[in-house]
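Please put together the full structure from these sequences, using the hints given.
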Amino acid sequence: MHVSSSIGVWIAAFLTLFVYSFLYKDNPFYKFAEHLVIGLAGGYYIVTVWFQILKPKLISPLFQQGNLTLIFPLILGLFMWARFIPQYSWISRWAIAFTLGVGSGISIPSVMQALIIRQIQATMLPVNFHSYIGWMNLLIIVGVLTSLIYFFFSAEHKGILGLSAKIGIWFIMIGFGATFGYTVMSRVSLLIGRVQFLMTDWLGVLH
Amino acid sequence: MSIYEKMMSIDRRVLFVLIALSVVIPLLKPLLLPVNVTKEVKHLYEFVDKLKPGDVVLLSLDYDPSTMAECQPMAISILRQCFSKGIKVIVTSLARPEGLGTAEMALTQAAQEYHKKNGNDYVFLGYKPNAAAVILAMGENFRLAFPNDYYGTSIEDIPMMKGIKNYRDIKILVTISGSGIIDTWVIYAGGRYGVPVGAGVTAVMATDYYKYLQSGQLVGLLGGLKGAAEYEKLIKHPDMATKGMDGQNMAHLLIVFFIIIGNIGYFLGKRAKGIKGR
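Chains as they are written, first to last, in my numbering: chain A, 1 to 207; chain B, 1 to 278.
None of the hints are false.
Cut-off 30 Å, straight-line C-alpha distance, at most; resulting in silico cross-link-like pairs (DSSO-like, lysine-lysine):
no.	chain 1	residue 1	chain 2	residue 2
1	B	Lys165	A	Lys55
2	B	Lys117	A	Lys57
3	B	Lys171	B	Lys85
4	B	Lys162	A	Lys57
5	B	Lys39	B	Lys233
6	A	Lys166	B	Lys211
7	B	Lys6	B	Lys270
8	B	Lys6	A	Lys25
9	B	Lys6	B	Lys273
10	B	Lys50	B	Lys117
11	B	Lys162	A	Lys55
12	B	Lys236	B	Lys85
13	B	Lys29	B	Lys236
14	B	Lys117	A	Lys55
15	B	Lys236	B	Lys39
16	B	Lys50	B	Lys233
17	B	Lys85	B	Lys39
18	B	Lys52	B	Lys116
19	B	Lys42	B	Lys243
20	B	Lys233	B	Lys52
21	A	Lys57	B	Lys165
22	B	Lys211	B	Lys42
23	B	Lys116	B	Lys42
24	B	Lys116	B	Lys236
25	A	Lys166	B	Lys270
Because the hints were derived from the structure by calculation, they are not lab data.
Below, the structure is given as structure tokens:
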């Protein structure tokens with residue numbers, strides 16, 4: 001056992017214990033840790049944005065190197081702040097409109113290709129009953145179609161439509177089950193990470 | 001209170017203590033339960049393993065301290081695999097600025113283990129906001145998005161970056177992510193520029209990305225601590241993820257046990273009261 005002599009590790013260890021103390025009940029230690037993490041994250045973000053983005057990408061090139069093309073994004077950025085002044089808040093819509101226009105133009109074709117066309121292609125699978133893969137392909141096709149039918153609300157779910165929707169809900173439930181299982185796994189992993197930190201870096205009982 | 005009601009109303013703090021013990025005890029006394037390698041993890045490993053010394057991998061460490069427990073072991077494992085094979089690595093961190101620290105930590109650890117030098121064997125480009133714009137810019141030229149690396153060195157002065165212009169000069173892009181940025185990589189880097197994409201994600205996100213595996217938009221996928229442990233097994237370097245898997249298994253068994261107990265209590269309690277239906 002080799003207890004850490006680093007003050008940073010001790011602070012991190014106590015903050016970890018403060019956060020986990022919430023599992024017993026809400027308390028001032030938890031509240032302190034909660035507020036601290038929010039404040040730190042905000043401060044860290046501001047410092048990073050200044051030194052990694054605003055200063056090297058805007059302030060220095062514009063005011064020190066004289067790159068005047070950067071006036072345009074600077075003005076659009078300043079427009080966003082107009083939201084805080086009610087009588088001029090409409091100015092911020094110009095910046096939002098520019099961002100939306102550029103964003104949509106860039107993303108719509110790529111998103112269509114990557115998320116819709118490729119996914120439809122991936123569902124056009126050969127089906128045969130002589131191989132495992134053939135059966136699995138059939139399962140994928142049935143799962144996709146029946147799940148989509150479940151979300152078709154323009155006709156009453158009766159008859160063949162109702163049966164398909166019922167099969168669809170089973171596929172959806174299996175999906176939810178897998179997601180829940182993975183979520184449990186994820187949360188336990190976070191606990192393991194913290195316990196490993198406490199036992200390795202802080203208390204030194206693990207190597 | 002009947003036995004059934006007791007089964008359904010165990011104090012949650014008792015469960016928390018038992019879960020904590022199920023994690024702590026296996027860490028102190030490892031059970032060495034086997035870790036089976038899944039094909040989605042193996043595919044990513046094999047892709048990287050086939051690369052030659054001098055090839056370049058773009059590794060984007062798109063997570064922050066909140067998901068470090070799952071993502072950091074993945075990042076370190078992939079870096080170890082690359083460095084052990086003499087593969088050069090360009091590292092970015094595009095999800096959140098808080099991820100810069102964890103990314104640098106992983107990179108420094110792996111680089112020190114294999115005596116790799118910044119600028120010659122790897123480059124850390126850092127963070128820029130608006131991931132989609134940055135990913136698109138790198139597709140044209142890395143210098144457009146990152147004129148300097150994280151430490152302020154001009155890309156032109158970095159020996160490793162000579163001859164590396166854009167995605168055409170890298171063999172695979174791997175994103176280790178605790179956020180939805182994978183979609184952005186798949187859509188823009190994979191879809192628009194055709195670069196092979198591999199991913200490591202937190203377990204809670206994993207089911208969302210299996211669709212990309214089936215469609216061939218992802219080369220491979222590491223899901224949560226289990227995915228990291230599988231990768232550690234493949235590179236024959238068991239570490240934190242492998243050590244954590246015993247605790248993971250025991251906690252899961254405990255949770256399944258209590259789900260069964262709760263359900264037995266629920267259904268038997270209902271039967272005892274003579275209630276029918278769901």
